[in-house]
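2 protein chains.
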Amino acid sequence: MSLPLNANILRIGPPLQHAQTWISHNTLALENGGRLKEVTTCYETWGTLNHERSNAVLICHALSGDSHVVRHDEQDTPGWWEILVGPGKPIDTDRYFVICSNLLGGCRGTTGPNFVNPEGTQPYGAAFPIITVRDMVAVQRRLIDHLGISRLHAVIGGSLGGLQVLTWAIDHPEAVKSSIVLAASARLSSQGIAFDIVGRNAIRHDPNFAGGQYYDGPAPEAGLALARMLAHITYLSDESMRAKFDPTRLQPRSVDSAFESTFSVGSYLAHQGDRFVERFDANSYITLSTAMDLFDLGDSKQKLAKTLAPSTCRWLFLSFSSDWLYPASASRQLVDALVAQSKSVSSCEIESPAGHDSFLLENTMEDGGRMIRAFLANDPSPANSSSVSYESRIDQPTSIFHGQRLDYKMILRLMPEDASVVDLGCGNGELLSILRDRGYRPLLGVERDQEQVVECIERGHLVIHADLDKGLSAIPDQSFQVALLSQTLQSIVDVAGVLEEVVRIGRRGIVSFPNFAHAPMRETFLREGRLPKEEGLYAYDWHDTPNRRFPSILDFQELCSNRGIHILEAIYFNSKNGKEIVDDPNLNADVAVVALTR
Amino acid sequence: MSLPLNANILRIGPPLQHAQTWISHNTLALENGGRLKEVTTCYETWGTLNHERSNAVLICHALSGDSHVVRHDEQDTPGWWEILVGPGKPIDTDRYFVICSNLLGGCRGTTGPNFVNPEGTQPYGAAFPIITVRDMVAVQRRLIDHLGISRLHAVIGGSLGGLQVLTWAIDHPEAVKSSIVLAASARLSSQGIAFDIVGRNAIRHDPNFAGGQYYDGPAPEAGLALARMLAHITYLSDESMRAKFDPTRLQPRSVDSAFESTFSVGSYLAHQGDRFVERFDANSYITLSTAMDLFDLGDSKQKLAKTLAPSTCRWLFLSFSSDWLYPASASRQLVDALVAQSKSVSSCEIESPAGHDSFLLENTMEDGGRMIRAFLANDPSPANSSSVSYESRIDQPTSIFHGQRLDYKMILRLMPEDASVVDLGCGNGELLSILRDRGYRPLLGVERDQEQVVECIERGHLVIHADLDKGLSAIPDQSFQVALLSQTLQSIVDVAGVLEEVVRIGRRGIVSFPNFAHAPMRETFLREGRLPKEEGLYAYDWHDTPNRRFPSILDFQELCSNRGIHILEAIYFNSKNGKEIVDDPNLNADVAVVALTR
Chain A
688 MSLPLNANIL
698 RIGPPLQHAQ
708 TWISHNTLAL
718 ENGGRLKEVT
728 TCYETWGTLN
738 HERSNAVLIC
748 HALSGDSHVV
758 RHDEQDTPGW
768 WEILVGPGKP
778 IDTDRYFVIC
788 SNLLGGCRGT
798 TGPNFVNPEG
808 TQPYGAAFPI
818 ITVRDMVAVQ
828 RRLIDHLGIS
838 RLHAVIGGSL
848 GGLQVLTWAI
858 DHPEAVKSSI
868 VLAASARLSS
878 QGIAFDIVGR
888 NAIRHDPNFA
898 GGQYYDGPAP
908 EAGLALARML
918 AHITYLSDES
928 MRAKFDPTRL
938 QPRSVDSAFE
948 STFSVGSYLA
958 HQGDRFVERF
968 DANSYITLST
978 AMDLFDLGDS
988 KQKLAKTLAP
998 STCRWLFLSF
1008 SSDWLYPASA
1018 SRQLVDALVA
1028 QSKSVSSCEI
1038 ESPAGHDSFL
1048 LENTMEDGGR
1058 MIRAFLANDP
1068 SPANSSSVSY
1078 ESRIDQPTSI
1088 FHGQRLDYKM
1098 ILRLMPEDAS
1108 VVDLGCGNGE
1118 LLSILRDRGY
1128 RPLLGVERDQ
1138 EQVVECIERG
1148 HLVIHADLDK
1158 GLSAIPDQSF
1168 QVALLSQTLQ
1178 SIVDVAGVLE
1188 EVVRIGRRGI
1198 VSFPNFAHAP
1208 MRETFLREGR
1218 LPKEEGLYAY
1228 DWHDTPNRRF
1238 PSILDFQELC
1248 SNRGIHILEA
1258 IYFNSKNGKE
1268 IVDDPNLNAD
1278 VAVVALTR
Chain B
688 MSLPLNANIL
698 RIGPPLQHAQ
708 TWISHNTLAL
718 ENGGRLKEVT
728 TCYETWGTLN
738 HERSNAVLIC
748 HALSGDSHVV
758 RHDEQDTPGW
768 WEILVGPGKP
778 IDTDRYFVIC
788 SNLLGGCRGT
798 TGPNFVNPEG
808 TQPYGAAFPI
818 ITVRDMVAVQ
828 RRLIDHLGIS
838 RLHAVIGGSL
848 GGLQVLTWAI
858 DHPEAVKSSI
868 VLAASARLSS
878 QGIAFDIVGR
888 NAIRHDPNFA
898 GGQYYDGPAP
908 EAGLALARML
918 AHITYLSDES
928 MRAKFDPTRL
938 QPRSVDSAFE
948 STFSVGSYLA
958 HQGDRFVERF
968 DANSYITLST
978 AMDLFDLGDS
988 KQKLAKTLAP
998 STCRWLFLSF
1008 SSDWLYPASA
1018 SRQLVDALVA
1028 QSKSVSSCEI
1038 ESPAGHDSFL
1048 LENTMEDGGR
1058 MIRAFLANDP
1068 SPANSSSVSY
1078 ESRIDQPTSI
1088 FHGQRLDYKM
1098 ILRLMPEDAS
1108 VVDLGCGNGE
1118 LLSILRDRGY
1128 RPLLGVERDQ
1138 EQVVECIERG
1148 HLVIHADLDK
1158 GLSAIPDQSF
1168 QVALLSQTLQ
1178 SIVDVAGVLE
1188 EVVRIGRRGI
1198 VSFPNFAHAP
1208 MRETFLREGR
1218 LPKEEGLYAY
1228 DWHDTPNRRF
1238 PSILDFQELC
1248 SNRGIHILEA
1258 IYFNSKNGKE
1268 IVDDPNLNAD
1278 VAVVALTR
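Sequence lines, in order, name chains A and B.
Numbering-wise, the working numbering puts 725 at position 38 of the first sequence, and it's gapless, one number per residue.
Numbering-wise, the working numbering puts 927 at position 240 of the second sequence, and it's gapless, one number per residue.
Pulled out of the complex, with its shape left as it was, chain A reads as follows (with noise of 0.2 Å):
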């Protein structure tokens, strides 16, 4: 059977020219009840499924997208993921097999409302049944069986397409190596929902819209677009608008629409909604955005564990810090909840002025593109795994104080053997990649600084981006062998919390800390009365120093003790001269890295 060519179907947008359909002829059981006769996919591909078939990469595109994410050829009009998707880029046309197909309940060349019924002789409209993110991912499955394709290298994508990474991840576990998450979250949330249901009432309610039955006369233009230009509003940001129309507030550009003509925001509103409708059909997108709105994988801890527990990818997840549509913080539970079933996962929120929109923007998405070409790349680069200068770096009897580790080799010491190990505050990822080198397995990294969560990523590493005073609850206890905390303690502000998550997330903790009573810093303290300042880590004055805690190891050792937290073992050096200090370390030696478990 081909593509029913019913003029109200093909005339939704520009033709997509190098786009593929597939008819299903199986019927489709929808997860709400219902069910599809025959389902047509709409797909484009670039690049070549290597021998193996094991280089396909299936991106899912949000609401309002559709398969054309990047031009085929230099006349071909431009897609909706230029800045991502093509040869050389982060996703690598040259390397992988792309894929990307129009959503089931689109208006696209996918079967939608648009399409007539194969049981009847009108388009669905109305009659349309409710579909749910899990009815698209099983279509896109068929699809990919379709292709020969058993196992994806990678799905990924952002908003609504972020939905359908998760869902991939848990239906269809088997089939999916790495997910890349963006912009996206378990559920939409109250405030989300409502203004969903404001834009599709703005829809139903105009007169056009004729109980969805409008093909045979005009469109509910009106409606879809208010519609749009509500949704638009939350895909941007206060900050982004503010930076966009707030200088130029009452000057509306010139565009010839019955919306606004006193407010530059309402112009630009105006033509996103006018443009919208010449390529977007009302129905499929109250299907869509109704298909957004029943998404959820669990409010809930116990809830989100249950349902992502099938999942056995690889995992990363970009949210961005203006999105206040799925935010960064609902992004992180979804993190935290892989993490307490300790599966592999790494996450990076990006500072971002741009909003949900964050993941489809040139500016905002450097670091993201950075991350998704390593993770999808999935080996340390060369370049960055410079581990013989570690080694050379360790093995230096100088000063930790000037950039040198003198501190890795005693953690080393400390270490068991082949021990999984999580790093708190783990920098670039360069302690990491010394025990990757040695053998170490898993490991983890955690850090709150954005270029060093990428710096890790880039080097291969799992890391979660977070702050260490409050994001390491979801770590499950005793989940790692050793949980690290280097040159991390005296810039914490809540030391006992951190000190105890070591000690609950860890078998054995290892923590490498300066002792702010060796004896030079004393004696400067008794003899001249001031704050010490020393080199390294002591060289700051006392007013801006990012040390925000003194430790010394005799109040460390205190802290322990009234914790119930018990010392293994310890090693205390003195860093001027490399040696080690069994006599009085807190007078003698500058660092000490102590051995700890509960």
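Since the hints were derived computationally from the structure, they do not count as laboratory data.
The structure presented is a predicted model; accordingly, all values stated were derived computationally and were not measured.
Be a bit skeptical, because a hint or two may be false.
Pairs count within a copy or across copies, as identical chains cannot be separated in the list.
Listed below are the simulated DSSO-like cross-link pairs for lysine-lysine, each with C-alpha atoms no more than 30 Å apart in a straight line [what the hints assert, rightly or not]:
1) Lys1096 to Lys724
2) Lys724 to Lys776
3) Lys931 to Lys990
4) Lys931 to Lys988
5) Lys1263 to Lys1096
6) Lys776 to Lys931
7) Lys776 to Lys1266
Mind docking chain B on chain A? Use the hints.
Relative to chain A, chain B alone:
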């Protein structure tokens, strides 16, 4: 001329039994051009105007409000601000003569689009001119004159009401003694305007709207309900919607509405929309929301300074942490602009989960009510002004480290006579009260803790709710004779930055701080090799002290010297024996009080 009796006017909303109407026959020239030949004002009053006509409080209502602030008797229907207004309440009708009038452009008895145009026979409808907040206030001013009041004790309002308060203070400074602005700012954000634009277009695209001339037929109820549903989302917060709807997100309330039957949040909004159309006119909604969007006191410091310059009143600004329509940061811009002109201003950013609507809710307005009550009273409550006990406390020769403030005495010794003073980190206003008792004027406090801000205002002080690390830049150079920083230095992260501000703001800075290098601290550190722990300010464990910085007198002196800050005078003392220290204060004193200048 009597109130027009067209049925379309009086049937909007339930009757206001105690409302009075007054018709001004003077033509009103409107800010944006055009004129109204006569204006009817509908208003209500509570309490009694005193003989001096000095106890009148004008309440300005928000977009969807009306003159019915509070019930007049037991049988009356409840008003919209029962929590704040009434006998014994913060706006005490036993004490004040309270007035509220329906807005110009409204639909509850004051001239608006639903009034018959006195120059014709039809309701104004869409022919009602574009009005501004300035026009609304001009009409209120006429009413106040009509009531024989030349100067209002206070004007108060939230949201659109707050915009009217701002306009009163700017346009009619001689008529306003005090202004209280809640949940308002100098201009709505582009995001906020965008939501309004979508709402107005939902009304205009309702087929019943008929270009605004719908009074002879059915009203554009679907469009108005959609506008209300959308606006209602912006009045709540993400967190309040989460709390309200997430536990039952797929259990809609059983409301009889065409709008929603799937989601709980939708049925709630549908209910709001359906009820709103019973009491509000769509043309008024367009008229008033446009006035809100056009309101603009300026987007730069320079512009704000210019627009606010004419005001002469005392100001109180209350904003709410989760308000994203008129956010606290925008309220702060106004406060800063007034502070920059050395106007009398207090502010508090109230911690609240309830969003913009917080100013209407009992549980989020408890502190707000306390501040409004005290600010209206405009004199320190005797219960809180226990100056006698301060005097006894400062003369008691005991350690400041036991909750006593011996350093106050030293500060007073370094104070010039009759000075103006800003107290940075003023706590609950204890020192400000001492200074007031001794005749110092004017006084201003800056404090970051909400409860302490409330107490300051209850003591009758002007206080800005701000963080010293970032909130001082608005205070002009050398605008106070003395800038105080009392026992606060050690908890500040950016010590140098705040010190620079102290000597920029004050001709004389007076700073008191604990000396961490006094002899017992040094000796303990030398002998025990542990971070010293003493009584009082030092009585914290090294790992959870609120102190972030550990100044010694020498360190402090060096920092001043490096920054070109001159030490004019200093008093060092030992709080244990209450003695002043002259010999080696860095060793022998535990407290320093230093007078500085640039």
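Results for each hint:
1. Lys1096 to Lys724: The answer is neither: 65 Å in one copy and 88 Å across copies each exceed 30 Å.
2. Lys724 to Lys776: For Lys724 and Lys776, neither the intra-copy (39 Å) nor the inter-copy (67 Å) Cα distance is at most 30 Å.
3. Lys931 to Lys990: Close across copies (20 Å), not inside one copy (41 Å); limit 30 Å.
4. Lys931 to Lys988: between (39 Å within a copy, 20 Å between copies)
5. Lys1263 to Lys1096: This pair counts as within: shortest intra-copy Cα distance 15 Å, inter-copy 48 Å.
6. Lys776 to Lys931: within (29 Å within a copy, 45 Å between copies)
7. Lys776 to Lys1266: neither (49 Å within a copy, 73 Å between copies)
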